[in-house]
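Turn these sequences into a full structure, and let the hints guide you.
Protein chains: 2
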Amino acid sequence: MTLRQVKAAVLLIGDELLSGRTQDVNLRAIAKFLAPLGVQVAEARVVADAPEEIVAAVNALRAKYDYLFTTGGIGPTHDDKTADAVAAAFGAPIGVREDARAILEAHYKGAANLNDARLRMARIPDGAELIANPVSKAPGFMLGNVFVLAGVPSIMRGMLEDIAHRIEGGAVVRAVTVRAKGVREGAIAQGLADLEAAAPQVSFGSYPWFTADGFGLHLVARAADDAALAKAGDDLMDLLRAQGAAAEIVQDET
Amino acid sequence: MTLRQVKAAVLLIGDELLSGRTQDVNLRAIAKFLAPLGVQVAEARVVADAPEEIVAAVNALRAKYDYLFTTGGIGPTHDDKTADAVAAAFGAPIGVREDARAILEAHYKGAANLNDARLRMARIPDGAELIANPVSKAPGFMLGNVFVLAGVPSIMRGMLEDIAHRIEGGAVVRAVTVRAKGVREGAIAQGLADLEAAAPQVSFGSYPWFTADGFGLHLVARAADDAALAKAGDDLMDLLRAQGAAAEIVQDET
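Protein chains in written order, with our numbering: chain V, 15 to 268; chain D, 15 to 268.
Heads up, some of the hints might be wrong.
For identical chains, the list gives no copy identity; a pair is met inside one copy or between any two copies.
The list that follows gives simulated cross-link-like pairs (lysine-lysine, DSS-like), each with its CA atoms no further than 30 Å apart [to be verified]:
1) K21 x K78
2) K46 x K151
3) K195 x K123
4) K123 x K46
5) K151 x K123
6) K151 x K245
7) K245 x K123
8) K151 x K195
9) K78 x K195
10) K78 x K245
11) K21 x K195
If you're looking for bench data, these hints aren't it; they were derived computationally from the structure.
Structure representation (structure tokens):
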């Protein structure tokens, strides 16, 4: 049985990612979270805190992929524009929802501390399901095939704990990585292309590395078929040994 | 005189960025390189080593922004598809160019070592200008408003040294960052929104931080007008002091 490929996109929202103020780490965390569930991230975008940009990206990506994950822009300040933009993308009304308000009231110890700004975090589009936030309580939400998560990495990762049961994954793609020292890409490029041509169900990648004590390559094979992947790992080792290079399998990762 | 805003997009190319194997650091490096030149990064995308995805993204982004910077996919292996895809996006022929071949021949110490795989790195679209690579020699190129750079961060940064003189920048946007401890976003959100409404030429952002010894906020003001920016910094300090919070200006960055 061949399981279908399930693909997701990631939309990172925030001026701070585009100005260089903040180094994104959420894309990688989401990719590593989804891979074992049988979902591959196939595209990502980074847009500013600009409603029209968010709406356009949400609509392009939710139509093209099985799932879309957004991060950022769901806090209490004026530059948090994601919830309203996602509602607009779906043409859904949005307002303060009582179950979300209750979560915030409990967290802020009473309605008196729940000022207008904090109450913005209870604005949820009609038809959405809440996503629990075990770190700072203000929830994310799922609307259609779109998961709307926080931007702060620790909070985003906390929200992922409430995601897996909502995902219908497909084939799990696994990877084998071979590390070789003292080999340049140009020496093995033809052999690698031959492997790729001979194994259409395997995807091969080549990534040079440079450190203080030398240089070399990581060669990566990725496939949903475990037998094909094991053979690909052996083939990569043979390819590198034929160059007289010391090579080792350094990690098996999903 | 008000200089116009000049905007760029960044297109990061590579399966390894989407699988989570590799943490991108090029977006931030490009943003920090461009800011002092008067160019703001306004959007970024990450796509796989898939020609049709690269072509679509290149054409969407080069039409929408003043400049487009791509990283990745210009090495010698089969998964390096960027040069051909950029040529296809422009409808430009592509082939081995003699000046690029000469650079590689010198680097690999003669034509005998320049195998077919390495020669792929001399494939340059018609009409492009080469971008020098001080690290590993194989050049990048500029075609129209598109800069095609390597994906390995050290090589990418080396290529940026041959970019600045080709950029016509506009207004330089600078930032002031104020760090405050023990303040939550909900407490200052209304005040921050009031500042934003009163100073339309300034963009304000709020970014919570959490460390082992506490929590707080970074409040950031960004503007091309230095006087407006200085006032915004003062206003942010006043806003935080009104909360009884210890606050300090931690950096002035472009």
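Hints and how they fare:
In this assembly of identical chains, the alpha carbons of K21 and K78 lie at most 30 Å apart whether taken from the same copy (9 Å) or from different copies (26 Å). Proximity of K46 to K151 under the C-alpha cut-off of 30 Å is restricted to the intra-copy arrangement: shortest distance 24 Å within a copy versus 34 Å between copies. For the identical chains of this complex, K195 and K123 are inter-copy neighbours only, at 21 Å across copies versus 58 Å inside a copy, given an alpha-carbon limit of 30 Å. Proximity of K123 to K46 under the C-alpha cut-off of 30 Å is found in neither arrangement, the shortest distances being 36 Å within a copy and 42 Å between copies.
Taking CA atoms no more than 30 Å apart as the test, K151 paired with K123 passes inside one copy only; the shortest distance there is 12 Å, against 62 Å between copies. Taking the closest pair of Cα atoms, K151 and K245 never come within 30 Å of each other, the shortest separation being 47 Å inside a single copy and 35 Å across copies. In this assembly of identical chains, K245 and K123 lie within 30 Å of each other by CA distance neither inside one copy nor across copies; the values are 59 Å within and 36 Å between. Taking the closest pair of Cα atoms, K151 and K195 come within 30 Å of each other only across two copies (20 Å); inside a single copy the shortest separation is 48 Å, beyond that limit.
For the identical chains of this complex, K78 and K195 are neighbours neither inside a copy (40 Å) nor across copies (42 Å), given an alpha-carbon limit of 30 Å. For a Cα distance limit of 30 Å, the shortest separation of K78 from K245 qualifies neither inside one copy, at 33 Å, nor across copies, at 45 Å. Taking the shortest Cα distances, K21 and K195 never come within 30 Å of each other, neither inside one copy (34 Å) nor across copies (41 Å).
Of the numbered hints given earlier, the model fails hints 4, 6, 7, 9, 10 and 11; all others are met.
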